[in-house]
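Chain residues, written in single-letter form:
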Amino acid sequence: MNELISYNDSLILRELGFDEACFAWYSNGQLILEHHIIFTGDQYYMRKEDCNAPTFSQAFRFFREKFNLFSCVELHLNFPIRYYFRIEEIGNDDFVYHTEDETIFYDKYEDAEIACLKLLIKIIKIENQYERLCSL
Amino acid sequence: MIIINSLTSRNHRDIIPYDAALKIKNLGFDEPCIGNYRKTDYKTGDSSESVLYLDVMHFTMNFNEHNKDTDASALTFSQAFRFFREKYDLFGCIDLHVSTPLHWYVRIDKISINDYVYHSEDDSKYYVKYEDAELACLMKLIEIVKNI
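Residue numbers (the working numbering), protein chains in the order written: chain A, 1 to 136; chain B, 1 to 148.
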């Protein structure tokens with residue numbers, strides 16, 4: 001089911017405050033699709049090892065709307081055909097990260113998408129750690 | 001449009017509208033989907049609005065295999081864009097234009113020649129919401145393929 005992000009990433013998104021209704025959820029790593037159940041998004045009553053299973057669209061929207069971070073998988077203007085991604089802070093005329101600058105390219109769109117999501121998570125985790133340190 | 005199974009408006013945004021789903025079906029989309037659009041509500045017989053039936057148990061169901069002409073698999077935006085990349089060599093991309101006011105635009109590339117075939121800014125089309133640009137991109141992809 002390649003529409004949904006992985007269990008580990010879903011767990012982290014829950015930690016970061018993702019609380020939208022999803023088509024499915026993970027129970028201790030196992031993907032559960034339940035007939036007639038569309039989750040309200042409230043994960044408060046879930047066990048800590050369980051979480052909603054967002055789609056990639058939902059995950060990227062979450063970062064746009066909650067953290068003001070826009071990401072874009074792009075086609076590299078060269079042959080062979082490869083993909084790269086870019087992360088920008090919305091409203092800021094400069095990008096936060098660009099895989100092309102690191103000469104990192106992906107043969108498959110989906111691989112770029114996964115890598116992009118992991119980096120978005122990493123950026124927010126580092127920001128959160130920094131804020132925690134500053135508040136000490 | 002009526003939505004069955006109490007899908008919230010938030011995750012409904014992941015699924016493309018009925019009209020687009022029907023057109024993509026006619027372009028050859030036949031993958032498993034989370035739901036199905038039917039033109040007629042089988043409970044009421046009403047066919048004035050399309051009805052989205054969601055059945056997450058059948059995430060692996062290819063509804064289009066059995067659908068009537070007026071019905072169509074309800075695919076996600078991700079699935080739709082992947083379909084155009086893989087079947088029609090067209091890459092649709094939503095990008096941010098940092099200007100005042102900030103807006104989104106659409107670009108469509110032909111993958112094998114690595115050049116763009118459409119840029120919404122050339123048509124002076126700008127979008128305030130990402131989701132509006134996403135839908136416009138999808139409709140443009142459909143239009144391009146229909147005109148091939």
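Hints were generated in silico from the structure; no laboratory data involved. Any given hint could turn out to be false.
No more than 35 Å apart at the CA atoms, straight line, and that leaves these computed lysine-lysine pairs for DSBU-like [as the list claims (entries may be wrong)]:
| id | chain 1 | residue 1 | chain 2 | residue 2 |
| --- | --- | --- | --- | --- |
| 1 | A | LYS48 | B | LYS146 |
| 2 | A | LYS118 | B | LYS39 |
| 3 | A | LYS66 | B | LYS110 |
| 4 | A | LYS48 | B | LYS87 |
| 5 | B | LYS129 | A | LYS122 |
| 6 | A | LYS118 | A | LYS66 |
| 7 | A | LYS118 | B | LYS129 |
| 8 | A | LYS48 | B | LYS140 |
| 9 | A | LYS122 | B | LYS68 |
| 10 | B | LYS25 | A | LYS125 |
| 11 | B | LYS23 | A | LYS108 |
| 12 | A | LYS118 | B | LYS68 |
| 13 | A | LYS48 | B | LYS23 |
| 14 | B | LYS87 | A | LYS118 |
| 15 | A | LYS48 | B | LYS39 |
| 16 | A | LYS118 | B | LYS140 |
| 17 | A | LYS108 | A | LYS66 |
| 18 | B | LYS68 | B | LYS39 |
| 19 | B | LYS25 | B | LYS39 |
| 20 | A | LYS122 | B | LYS146 |
| 21 | B | LYS68 | A | LYS66 |
Hints, one by one, checked against the model:
no.: 1; hint: A:LYS48 - B:LYS146; verdict: violated, 49 Å
no.: 2; hint: A:LYS118 - B:LYS39; verdict: violated, 40 Å
no.: 3; hint: A:LYS66 - B:LYS110; verdict: holds, 33 Å
no.: 4; hint: A:LYS48 - B:LYS87; verdict: violated, 41 Å
no.: 5; hint: B:LYS129 - A:LYS122; verdict: holds, 26 Å
no.: 6; hint: A:LYS118 - A:LYS66; verdict: holds, 16 Å
no.: 7; hint: A:LYS118 - B:LYS129; verdict: holds, 24 Å
no.: 8; hint: A:LYS48 - B:LYS140; verdict: violated, 43 Å
no.: 9; hint: A:LYS122 - B:LYS68; verdict: violated, 46 Å
no.: 10; hint: B:LYS25 - A:LYS125; verdict: violated, 41 Å
no.: 11; hint: B:LYS23 - A:LYS108; verdict: holds, 26 Å
no.: 12; hint: A:LYS118 - B:LYS68; verdict: violated, 41 Å
no.: 13; hint: A:LYS48 - B:LYS23; verdict: violated, 42 Å
no.: 14; hint: B:LYS87 - A:LYS118; verdict: holds, 28 Å
no.: 15; hint: A:LYS48 - B:LYS39; verdict: violated, 42 Å
no.: 16; hint: A:LYS118 - B:LYS140; verdict: holds, 30 Å
no.: 17; hint: A:LYS108 - A:LYS66; verdict: holds, 28 Å
no.: 18; hint: B:LYS68 - B:LYS39; verdict: holds, 9 Å
no.: 19; hint: B:LYS25 - B:LYS39; verdict: holds, 14 Å
no.: 20; hint: A:LYS122 - B:LYS146; verdict: violated, 41 Å
no.: 21; hint: B:LYS68 - A:LYS66; verdict: violated, 41 Å
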